[in-house]
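Respectively, the protein sequence lines represent chains W and P.
All residue numbers for the first sequence refer to our numbering, where the first residue is 1 and numbers rise by one.
All residue numbers for the second sequence refer to our numbering, where the first residue is 1 and numbers rise by one.
Just so you know, the hints here were simulated from the structure itself, not pulled from any lab data.
Treat the hints with care, since some could be wrong.
What the hints assert, rightly or not - With a straight-line Cα cutoff of 30 Å, these simulated DSSO-like cross-link-like pairs (lysine-lysine) come out:
hint	chain 1	residue 1	chain 2	residue 2
1	P	Lys340	P	Lys254
2	P	Lys85	W	Lys162
3	P	Lys85	P	Lys130
4	P	Lys130	P	Lys80
5	P	Lys136	P	Lys115
6	P	Lys290	P	Lys254
7	P	Lys85	P	Lys12
8	P	Lys80	W	Lys185
9	P	Lys85	P	Lys115
10	P	Lys254	W	Lys185
11	P	Lys340	P	Lys356
12	P	Lys85	P	Lys123
13	W	Lys185	P	Lys12
14	W	Lys185	P	Lys314
15	P	Lys115	P	Lys80
16	W	Lys162	W	Lys131
17	P	Lys356	W	Lys185
18	P	Lys80	P	Lys136
19	P	Lys130	P	Lys178
20	P	Lys314	P	Lys340
21	W	Lys185	P	Lys177
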Amino acid sequence: MLLTPNAMGRPLRTGLYLTTGVIAAFLLLPILFIVLLSFGSSQWLVFPPPGWTLKWYGQFFSNPEWMDAALASLKVAVLTTVCAVLLGLPTAFALVRGRFPGREMLYGLFTLPMIVPLVIIAVAVYALFLKLGYTGTLFSFVVSHVIVALPFTIISIINSLKLFDQSIEDAAVICGASRLQAIFKVTFPAIRPGMIAGGLFAFLVSWDEVVLSVMMASPTLQTLPVKMWTTLRQDLTPVIAVASTLLIGLSVLVMVIAAALRRRNEVSA
Amino acid sequence: MSAVMKDAAPAKTLVSLRNLNKHYGDFAAVDNIDLEIQDGEFLTFLGSSGSGKSTTLSMLAGFETPSSGEILVEGQSLVKVPPHKRDIGMVFQRYSLFPHLSVRDNIAFPLAIRKQSAAETAKRVDAMLKLVQLEKFAHRRPAQLSGGQQQRVAIARALVYEPRILLMDEPLGALDKKLREDLQDELRQLHRRLGITIVYVTHDQEEAMRLSQRIAIFSHGKIVGLGTGYDLYQNPPNAFVASFLGNSNFLRVKASSNGAASFEGQSLAIRLTTGLNAGQDALIMVRPEKALALSAEQAAREPLPAGWNEVTAKVGEVLFLGESQTCHVMTAGGTEMTVKALSAAGMPMQPGDTVKVRWAVADACIYTEWAESDLSKAAGAH
Numbered sequence: 001m002l003l004t005p006n007a008m009g010r011p012l013r014t015g016l017y018l019t020t021g022v023i024a025a026f027l028l029l030p031i032l033f034i035v036l037l038s039f040g041s042s043q044w045l046v047f048p049p050p051g052w053t054l055k056w057y058g059q060f061f062s063n064p065e066w067m068d069a070a071l072a073s074l075k076v077a078v079l080t081t082v083c084a085v086l087l088g089l090p091t092a093f094a095l096v097r098g099r100f101p102g103r104e105m106l107y108g109l110f111t112l113p114m115i116v117p118l119v120i121i122a123v124a125v126y127a128l129f130l131k132l133g134y135t136g137t138l139f140s141f142v143v144s145h146v147i148v149a150l151p152f153t154i155i156s157i158i159n160s161l162k163l164f165d166q167s168i169e170d171a172a173v174i175c176g177a178s179r180l181q182a183i184f185k186v187t188f189p190a191i192r193p194g195m196i197a198g199g200l201f202a203f204l205v206s207w208d209e210v211v212l213s214v215m216m217a218s219p220t221l222q223t224l225p226v227k228m229w230t231t232l233r234q235d236l237t238p239v240i241a242v243a244s245t246l247l248i249g250l251s252v253l254v255m256v257i258a259a260a261l262r263r264r265n266e267v268s269a
Numbered sequence: 001m002s003a004v005m006k007d008a009a010p011a012k013t014l015v016s017l018r019n020l021n022k023h024y025g026d027f028a029a030v031d032n033i034d035l036e037i038q039d040g041e042f043l044t045f046l047g048s049s050g051s052g053k054s055t056t057l058s059m060l061a062g063f064e065t066p067s068s069g070e071i072l073v074e075g076q077s078l079v080k081v082p083p084h085k086r087d088i089g090m091v092f093q094r095y096s097l098f099p100h101l102s103v104r105d106n107i108a109f110p111l112a113i114r115k116q117s118a119a120e121t122a123k124r125v126d127a128m129l130k131l132v133q134l135e136k137f138a139h140r141r142p143a144q145l146s147g148g149q150q151q152r153v154a155i156a157r158a159l160v161y162e163p164r165i166l167l168m169d170e171p172l173g174a175l176d177k178k179l180r181e182d183l184q185d186e187l188r189q190l191h192r193r194l195g196i197t198i199v200y201v202t203h204d205q206e207e208a209m210r211l212s213q214r215i216a217i218f219s220h221g222k223i224v225g226l227g228t229g230y231d232l233y234q235n236p237p238n239a240f241v242a243s244f245l246g247n248s249n250f251l252r253v254k255a256s257s258n259g260a261a262s263f264e265g266q267s268l269a270i271r272l273t274t275g276l277n278a279g280q281d282a283l284i285m286v287r288p289e290k291a292l293a294l295s296a297e298q299a300a301r302e303p304l305p306a307g308w309n310e311v312t313a314k315v316g317e318v319l320f321l322g323e324s325q326t327c328h329v330m331t332a333g334g335t336e337m338t339v340k341a342l343s344a345a346g347m348p349m350q351p352g353d354t355v356k357v358r359w360a361v362a363d364a365c366i367y368t369e370w371a372e373s374d375l376s377k378a379a380g381a382h
């Protein structure tokens, strides 16, 4: 590589570090602010906070509306994860192993939700569920989230499946295992990191999804981001900062797990 | 199976391939192959990539379905039997061990699938670990083993359920030369000890020679030579096998009778060849080590023995290779020859020297039919 840090001149290197630092700060500071604000004593989200308190956390956890929303979010995210992996697995197999016309096109089709503006998907799904009378149900939440989560899951599983040497599966077959047995006993364990990473991506997509969720929400069923959105339009309470912090916290945790798994996968591969 | 009198019994056919074909569209990857594999033999499919050897092995394993033809094991058709019910062992080029299982569990896998009892499994796995000398590594994961060790695990896994046929698809291709030769020796011993039938695929002719009792040479989806390494080398059935196996010199001649031919205006004695008519084009093939190069003075001192031929040539290049010397020469008519056996008493040849190249008529093969592409090395793939 021509542009390795060592090959560059000192001023250029310093400048690069500086701009990288500024960009990182630009991206991360809002998150840091919101976390600090959730512990601030001011009820108007004043920065810097005049004092520190856990009061807002108390309010969050004692308010059944917030707890219901958090629980709904968790439920939707877990179900989305399970569905995305169960659907993504056979899809990835078909896209990697299949020899049929239109395979490339099908791959494009499955990854389309990553490119199409979310609002368009949201309106389309909303219109469909309105007609079927499914809006505001857990089912509609999960289905709409799976649509946008599936591409991430599929890509993740496809990548690990492409790295997997199929002759290992053939070896299991010649050892006496049927093709299905070989896939379950040998292929799945070998691509498990990709499956788990795909599941975690699906979880993350669902966990902080707001556009689709606003459309699907009803007074009785809403996810945490939706509850934040509606609360924000009425008043500016630090409890929103608490909800944000919890959202961020879980997302970071999931990403750390994903990164750890990826590293372990690279080491063993 | 009764082992009584096994050694004394004449070789018995275990596997028969009959008119076996594999087509991909218009392309014939395997083109009407007939082959009898003897019980207990070490048979190697030798050929360049794309010659059909791996496809044939794949059909034996059951991963490819023949377009037409039969695969029989002791008279029973195997074509409709799925690969996991064939009871065939196979070792793959890239080891193909199960990465999430220990060495022990890898070897035990075929027994676990067959629902063997724990005691029987432990006993057999222990025996296999001992056979491939990996007792100390039983609890390691494949990633913690060297390439040679991994391939030994793969061999143990393929043998633990006592298949009658072991297929090996370039199993040593990924290893370095020294390790490859060690494992070749181990494999040969293993074959002798177990009496199992091994069908081995390789593109490395030295490996084929070293390991096999018989070699089947593949080219363009056909078997173009079948026999022991010795026979195929000394008496290649056709010009392709002659040029593919080892090095060879080809002299274009016109037959003047059944036992003589003219080469660049000079008369040469040739082996009596059935079906050769006067006036017909033919090819003389002499191995470099069977041809002798003598300086003009040496040639004058030593008269040409009966039953030998002699042609005059100019030395182009001399390569000293330690145990041997290779001398590239060219005749007046432009035929290039490689000569390995320099006359013992002779000084090293110098480029530009005129030499006499001699060979015994009995050592030269005669071909009446060949394709020009047969004469160049590395042919054989599509």
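Against the structure, the hints:
1. Simply put, P/Lys340 and P/Lys254 have alpha-carbon atoms about 26 Å apart, close enough for the 30 Å limit, and the pair holds.
2. For a cut-off of 30 Å, the pair hint linking P/Lys85 to W/Lys162 stands: about 27 Å separates their Cα positions.
3. Between P/Lys85 and P/Lys130, the direct Cα distance comes to roughly 27 Å. Compliance with the 30 Å bound is thereby established for this hinted pair.
4. Under the criterion of a C-alpha separation no larger than 30 Å, the hint pairing P/Lys130 with P/Lys80 is inconsistent with the structure, at around 36 Å.
5. Pair hint P/Lys136 plus P/Lys115 holds up; C-alpha atoms about 26 Å apart against a cutoff of 30 Å.
6. This hinted pair checks out: P/Lys290 and P/Lys254 have alpha carbons roughly 22 Å apart, not beyond 30 Å.
7. A distance of roughly 23 Å separates the Cα atoms of P/Lys85 and P/Lys12; the hinted pair therefore holds under the 30 Å criterion.
8. The suggested pairing of P/Lys80 with W/Lys185 holds, with an alpha-carbon distance near 25 Å, which does not exceed 30 Å.
9. Taking the CA atoms of P/Lys85 and P/Lys115, the gap is about 14 Å. The hint holds against a cut of 30 Å.
10. Of the pairs offered as hints, the one joining P/Lys254 and W/Lys185 is violated, with about 65 Å between alpha carbons and a cut-off of 30 Å exceeded.
11. Simply put, P/Lys340 and P/Lys356 have alpha-carbon atoms about 13 Å apart, close enough for the 30 Å limit, and the pair holds.
12. Restraint check: the Cα-Cα separation between P/Lys85 and P/Lys123 comes to about 23 Å, which is no more than 30 Å; the hinted pair holds.
13. For the proposed pair W/Lys185 and P/Lys12, the alpha carbon gap of about 38 Å is over 30 Å, so the pair is violated.
14. For the proposed pair W/Lys185 and P/Lys314, the alpha carbon gap of about 67 Å is over 30 Å, so the pair is violated.
15. A distance of roughly 24 Å separates the Cα atoms of P/Lys115 and P/Lys80; the hinted pair therefore holds under the 30 Å criterion.
16. Our distance criterion of 30 Å between C-alpha atoms is broken by W/Lys162 and W/Lys131, whose separation comes to about 41 Å.
17. For the proposed pair P/Lys356 and W/Lys185, the alpha carbon gap of about 68 Å is over 30 Å, so the pair is violated.
18. Distance check on the hinted pair: P/Lys80 and P/Lys136 sit about 41 Å apart at the alpha-carbon level, beyond 30 Å; violated.
19. Under the criterion of a C-alpha separation no larger than 30 Å, the hint pairing P/Lys130 with P/Lys178 is consistent with the structure, at around 23 Å.
20. A hinted pair counts as satisfied when its Cα atoms are at most 30 Å apart, and P/Lys314 with P/Lys340 qualifies at roughly 15 Å.
21. A hinted pair counts as satisfied when its Cα atoms are at most 30 Å apart, and W/Lys185 with P/Lys177 does not qualify at roughly 34 Å.
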